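S.K.: Work out the full structure, taking the sequences as your base and the hints as a guide.
There are 2 protein chains.
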Amino acid sequence: MITKTLVDHCLSTSYEHIPDEVKLHGKRSLLNWLGVAIGASQHPSIDMLLEVTKDLQTAEQVSVFGREEKVDLLMAALINGTSSHIFDYDDTHLDTIHHPSGPVAPVVLALGEHLGLSGEEILHAFILGCEAELRIANAVYPSHYQLGWHITSSTGVFGAAIAAGVLLKLDSEKLVWALGIAGTQSFGLREVFGTMTKPFHPGKAAQNGLLAALLAKKGFTSSEKILEAKRGFANVLAPEHDLEKVNVNWGEDWELLKNSFKPYACGIVLHPSIDACVYLHKRVSPDHLESIELKVNPYVLELTGKETPQTGLEGKFSVYFTAAIAFLDGNASEKQYTDEKVKDEKIIEIQKKIRIVVDESLKEDEVEVTALLKDGSNITHKVLHAKGSIDNPMQEEELLTKFSSLVEEHMGKSISDNMAHFLLNLEQYSNINELIVLNQQKKLISK
Amino acid sequence: MITKTLVDHCLSTSYEHIPDEVKLHGKRSLLNWLGVAIGASQHPSIDMLLEVTKDLQTAEQVSVFGREEKVDLLMAALINGTSSHIFDYDDTHLDTIHHPSGPVAPVVLALGEHLGLSGEEILHAFILGCEAELRIANAVYPSHYQLGWHITSSTGVFGAAIAAGVLLKLDSEKLVWALGIAGTQSFGLREVFGTMTKPFHPGKAAQNGLLAALLAKKGFTSSEKILEAKRGFANVLAPEHDLEKVNVNWGEDWELLKNSFKPYACGIVLHPSIDACVYLHKRVSPDHLESIELKVNPYVLELTGKETPQTGLEGKFSVYFTAAIAFLDGNASEKQYTDEKVKDEKIIEIQKKIRIVVDESLKEDEVEVTALLKDGSNITHKVLHAKGSIDNPMQEEELLTKFSSLVEEHMGKSISDNMAHFLLNLEQYSNINELIVLNQQKKLISK
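Protein sequences appear in the order of chains X and G. Note that the numbering used here has the first sequence beginning at 363, numbered continuously upward. Note that the numbering used here has the second sequence beginning at 363, numbered continuously upward.
Derived by calculation from the structure, the hints in this document are not laboratory data. Wrong hints could be hidden among the right ones.
Given that identical chains are not distinguished, each listed pair holds provided it fits within a single copy or across any two copies.
Straight line, CA to CA, 16 angstroms or less: simulated EDC-like cross-link-like pairs of lysine to aspartate or glutamate [what the hints assert, rightly or not]: (1) Lys592 <-> Glu664; (2) Lys580 <-> Asp409; (3) Lys697 <-> Glu413; (4) Lys580 <-> Asp417.
Note that the coordinates shown come from a computational prediction; the quantities given were computed from them, not determined experimentally.
M.R.: Printed below as a string of structure tokens:
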């Protein structure tokens with residue numbers, strides 16, 4: 363009854379039932395999501411996806427954020443979801459290394475635009491979708507992730523289906539089927555990390571989940587227990603799991619509150635190392651540096667062990683490159699992860715001075731750094747909670763700065779400010795059309 | 363190098379390199395595929411998929427077989443692939459319980475129509491796609507299937523990508539990426555068997571594989587070793603595997619030659635039991651029957667153990683119902699699997715007289731039946747090779763009869779005959795347009 367109970371929980375949780383702090387965190391999550399989606403909207407992989415929609419003569423139904431093109435509902439879910447993960451700069455549920463908005467936000471915005479829904483309806487479905495996928499992620503983490511599944515897409519497809527199903531007003535039977543159709547499409551191998559196919563994952567999860575809900579609405583039948591069945595999601599995709607976590611304390615505990623926002627444009631596992639190297643940046647001149655030793659949680663080398671990245675994208679999977687730019691530039695924003703920088707001799711020279719030591723006693727948001735200087739002295743520093751983690755979160759002002767730094771360059775300051783204002787006051791709008799109109803004004807900017 | 367070697371094998375195998383018997387079997391596979399696709403083309407689940415394409419205002423690019431509607435390339439792959447698996451009457455590679463045409467045929471026909479390709483080009487890509495997916499299936503069977511994966515979709519997505527990539531003339535680097543994009547989308551849980559979502563699997567695999575090739579053609583990057591990487595397809599989706607099987611004796615052994623065609627409209631595991639009960643049908647009057655005992659391979663109960671199916675579709679997953687209709691009607695065609703028949707008291711009475719005994723010594727195409735009669739006598743019979751198995755294959759004449767029995771009702775005899783003639787002489791046509799024109803004549807029939 364795990365699947366059915368989850369569905370009944372979602373359908374019995376009205377907008378009014380959701381605590382204000384969850385609504386606020388939902389709006390901030392959407393703000394962060396739209397920022398990273400627009401920030402990456404001119405990336406070559408988005409051009410390629412749009413070229414495919416031209417090949418398919420896709421209908422111009424709804425918006426691609428940051429672009430002038432319109433595409434159909436399913437392609438919008440795919441493209442906007444992909445865009446939001448390109449910079450590896452999106453939100454993270456640290457307990458499961460999950461990026462919850464990626465598969466859900468593009469679905470509620472596409473359906474919202476298509477059906478002319480209100481801000482409240484969108485926020486409601488978004489929160490339920492995120493909550494469902496994160497609880498499923500809790501149930502299968504860590505064995506599922508360790509086996510090799512990209513948990514954002516493999517569980518995100520459920521969140522997308524819940525969000526779409528709520529907006530399409532599916533009844534309990536059909537929403538259960540939607541989860542069945544979604545769950546059998548669960549996918550995403552960590553092997554593709556470091557290529558364009560990683561950001562494709564949340565987009566495709568959004569698309570698969572939306573398709574599931576569209577089909578279920580027509581009466582397309584599926585499993586009634588996709589999560590818990592013998593050959594269902596958990597048993598097949600997670601060597602160890604605890605499905606009790608899916609429904610425990612529903613309505614009291616909110617996983618979405620544990621969603622954090624990244625100050626840096628790479629995987630969250632690198633953030634403590636970046637904090638540590640930014641600390642050194644302020645204290646050590648590159649000319650005086652002999653070497654840097656970083657003691658890290660085991661995931662750092664497992665996920666970002668590339669020693670000689672060849673592209674800016676690969677740089678995000680290299681703790682060596684990342685530590686070097688953080689030390690040299692005092693930052694690790696999208697502007698640091700370029701194809702030029704990974705070939706910059708000055709940076710490569712620093713990379714060679716960085717040594718990584720795995721220390722199983724360190725948590726995922728911790729790191730210990732020791733810089734040895736040429737004069738024989740050394741500086742040590744321990745990061746206890748990386749910036750952006752639950753215990754050291756980004757403040758709203760910092761989120762707004764991040765948003766404008768991503769959006770202004772593509773949309774101009776006025777549109778960027780208005781978009782941020784819209785999302786932070788989302789529930790006050792009776793139709794999300796105002797956001798769409800702002801996106802369309804891009805056309806005026808680019809003239 | 364497994365993935366790269368497979369791609370290089372495919373790209374270096376010209377049409378001329380393929381033995382004539384493989385080409386013939388390829389054409390027969392396409393004939394069988396089109397028959398089952400058109401046969402199920404009026405099914406409610408196809409109506410539902412087409413309703414979704416209306417919601418999406420999908421472009422009218424290519425044909426849905428057996429229907430008047432046209433949809434875009436990706437939706438055609440999805441819908442035609444789904445249609446072909448609805449009756450559970452499609453082809454089967456018995457070594458892996460794989461239905462190879464399902465994910466591949468809809469891709470080559472959609473691209474063939476869209477690009478105006480020749481019969482030879484289509485047959486070439488179809489054979490390579492089937493060969494690739496079956497070899498991958500060999501490498502992960504049985505652990506992959508036993509874990510709960512529907513091997514037709516989970517490995518079929520590779521076949522679809524290879525076939526599409528060959529037709530789109532991808533070079534080696536891009537075809538490797540296409541496999542990366544396809545492989546990370548591998549999906550399909552056996553939990554949904556018995557619902558509309560099972561036939562959705564080969565269709566979605568076709569769609570995912572085609573999308574992968576379309577994206578790779580634009581330069582969308584992905585893994586270069588999706589099959590063999592630590593967190594790639596085999597390690598994540600198959601507890602045990604032998605990837606040597608992917609490339610062994612390429613060009614000498616042809617897995618497609620082991621593709622068999624079903625005489626009955628249900629899963630292949632039931633076919634020996636049906637043969638056995640058809641044998642009894644000819645010898646025992648229902649009035650004289652006391653009980654039937656079927657000794658079967660373990661997969662029979664695992665896959666088709668439903669004791670009281672409630673719908674015709676569920677009947678296909680019930681060895682009890684299937685044995686009963688085979689005994690009463692002497693057949694197990696699509697006409698036996700109806701919602702009326704599963705509620706027919708006369709059939710249910712026979713169902714109750716059927717006992718299934720699992721015997722691990724029996725192969726998948728074997729069964730031993732014992733009928734006990736009311737007069738105390740009994741009849742026993744052993745099926746050594748079920749009809750449709752490699753050792754007892756359907757002949758071309760039987761395939762043609764199956765095709766016309768599926769197609770005539772929807773297209774009329776003349777179109778049905780012309781379609782069959784076209785497919786059996788596929789390589790002689792410089793453009794597959796003739797098949798498309800035949801399909802469009804459906805419109806005239808339905809007036």
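S.K.: Does each hint fit the structure? Answer for all of them.
M.R.: Structure-based check of each hint:
1. Lys592 <-> Glu664: Only across copies: lysine 592 and glutamate 664 sit 11 angstroms apart there, 31 angstroms inside one copy, limit 16 angstroms.
2. Lys580 <-> Asp409: This pair counts as between: shortest inter-copy Cα distance 9 angstroms, intra-copy 33 angstroms.
3. Lys697 <-> Glu413: neither (26 angstroms within a copy, 45 angstroms between copies)
4. Lys580 <-> Asp417: Between copies, since 11 angstroms is at most 16 angstroms while 28 angstroms is not.
In terms of the numbered hints stated before, the structure departs from hint 3 and from no other.
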